[in-house]
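Using the sequences and the hints given, assemble the complete structure.
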Amino acid sequence: MSLARRRFTSRAMTALCGLALLLALLPLVSLLMLVISRGAAGLSFDFLTQLPRPVGESGGGVGNAIVGSLSIVALASLIGIPVGVGAGVYLAENGDGRAGKLIRFTAEVLSGVPSIVVGIVAYGLFVVPMHHFSALAGAVALSVLMIPTLARGTEELVRLVPRTLREASLALGIPEWKTALRVVVRTALPGIVTTALLAIARALGETAPLLFTALNNQYWSHRPDEPTASLTVQIFNDAVSPYDELHARAWSAALVLLMLVGLLSIGARLFARLRARGQR
Amino acid sequence: MSTSAESAVAPPVLREALPQTGGVPGRRVADRLWSALLIAFGGAILVVAGVIVFSLGHVASPLLRATHLIDFLLGTVWDPERERFGALTYLYGTVVTSLLALVIAAPVSIGLALFVTEMSPPSLRSIVSFPLELLAGIPSVVYGLWGLFVLVPLLRETVEPFLARTLGFLPLFKGPPIGLGFLAAGMILAVMILPTMTSISIEVLKTVPGAQREAALALGATPWEATRLAVLPYARAGILGAIILGLGRALGETMAVTMVIGNTPRISASLFAPGYSLPSVIANEFAEASGAMHTGALAALGLLLFVVTLTFNSIARLLVRVVTRGPERSAA
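Chains as they are written, first to last, in our numbering: chain R, 187 to 466; chain W, -2 to 329.
These aren't lab readings, by the way, just hints derived from the structure by calculation. Ideal Cβ positions, reconstructed from N, Cα and C, are used throughout, including at glycine.
Covered stretches of chain R (chain W as the covering partner; in silico rule of three or more C-beta atoms under 8 angstroms from a C-beta of chain W): (1) 200 to 208; (2) 211 to 223; (3) 310 to 323; (4) 333 to 347; (5) 383 to 394; (6) 397 to 411; (7) 432 to 440.
Distance ranges between label pairs, derived from CB positions: (8) R:Ile222 with W:Leu85: 33 to 43 angstroms; (9) R:Gly242 with W:Leu229: 54 to 64 angstroms; (10) R:Leu460 with W:Thr73: 51 to 61 angstroms; (11) R:His317 with W:Leu85: 31 to 41 angstroms; (12) W:Leu151 with R:Ile222: 11 to 21 angstroms; (13) W:Leu216 with R:Ala198: 17 to 27 angstroms; (14) W:Thr204 with R:Gly242: 53 to 63 angstroms; (15) R:Leu256 with W:Arg263: 35 to 45 angstroms; (16) R:Pro315 with W:Val50: 12 to 22 angstroms; (17) W:Thr155 with R:Leu211: 15 to 25 angstroms; (18) R:Ile222 with W:Gly40: 44 to 54 angstroms; (19) W:Thr261 with R:Met187: 48 to 58 angstroms; (20) R:Ala227 with W:Thr73: 43 to 53 angstroms; (21) R:Leu460 with W:Glu130: 15 to 25 angstroms.
Written out as structure tokens, the structure is:
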């Protein structure tokens, strides 16, 4: 092959790989533009605060679904974050033995378990014995999804803490538990907060594990053992319904959901950046 | 990271010195409590895994007791009224859509990863990670919404008629263009697994030593030849791992597929035909299942899905680990 031809091949392949970037951006741009343009039309104060109204009646909103989503995720965080972060610290502190390796591998594998399967698990654990659907069951399902990612993320962050810092603390006679908690974990804390915020954002977007755990509710839910509406399940039900009004509601609810998820992720990143700057 | 074994515990010198210098009895108790607490948290991961398997098996047990495994796996009839349950139709839909997603997404994500790591200026690299994170962060129900109202009409009116005209002689592209079906599900899955596959491929490609590339370039290779001859062979196992990890995600993805696959339990050779997948049937029928047997059958589908994704994920993780951890460890 001549040099000119080889050079041409090289350029052509570069162009082809650049094309892949465009191909990846296309659906993203299309999706974001549509959610914003179609969703913005239905947004109003009422939409964010009112209960859904049946087809044919104008007005109404997804207030209960927003509150429902937030409370299910809050409950899930309450369970998932301590366990996930704790497991991460365990993996960083003594995860090099056989037990540690087993737990790390289990966490990695668990992070790939389909969310709908976790829904069945929560159904078996809560809905069957309690005989009704509940926000609690949904929250447990979401927390199971949060734990493995948080554990792996926390582990990486705790391991980044310089060894000298720990040694300095131990040399000062500070006990190991205090060193781990007040020096090592404390140093890694900003990163852990970022990881936790991202995990919350992911949990907020989950639908499948809520379908038959938290189910749905046309009204406000007052207790964690009641069926509870969520934005994602509401979007799903509206989208697959045959009515244009409900489709419009699905787009607006999707915009609200994207804004909430986006706010959390941007918050996470800003937090990480601010802390990083503060430490310099 | 390679020195983690030492950093996790105090050096032996310190260890021996500690009890003598700080002879406070409460301290040792506190240290013991702390490590017990940590072990409890670590053990929680194993407990969660155990509970998942147990609870799935428990909910699925009515069916598992009543039906032969082979009959269940190879059965094509799904009739809750007569309590006859076969998984094959759904398994078929899951496999076809996931493979299709892989065929579409793998070349794009490898190309994109190569573009980012090998061909673009460093300033572009950090910019590219942003849209990838955005794509990964979009909830799957929103992908489904987009698929249902944008992708499906596009397929029905433009793409499928075009494919039927040009490649219609293949059984893959026969039948009426409905929009909803295997093709729509495969395409939306491709979009959804793209970020995972790309970002892991990028991680893997980053571990290729620079000298590898430079040596090839110094011998007169063009940039593409350096990539093909020196970089890709080095990263092959890791990229394969990234692809299998993407496959694992595609197999278990529920909402977007449920919204565009057409939810018709039928095995068809044509990609235009509507079908059904394992997660979709669980999503659609579980909340309104007609009894313990029906619920059990759906949970058994979940168990099947669990086993399949578990297998693929374990293989993928091992492959990625061999590549990204191996060189680092030996270098240190």
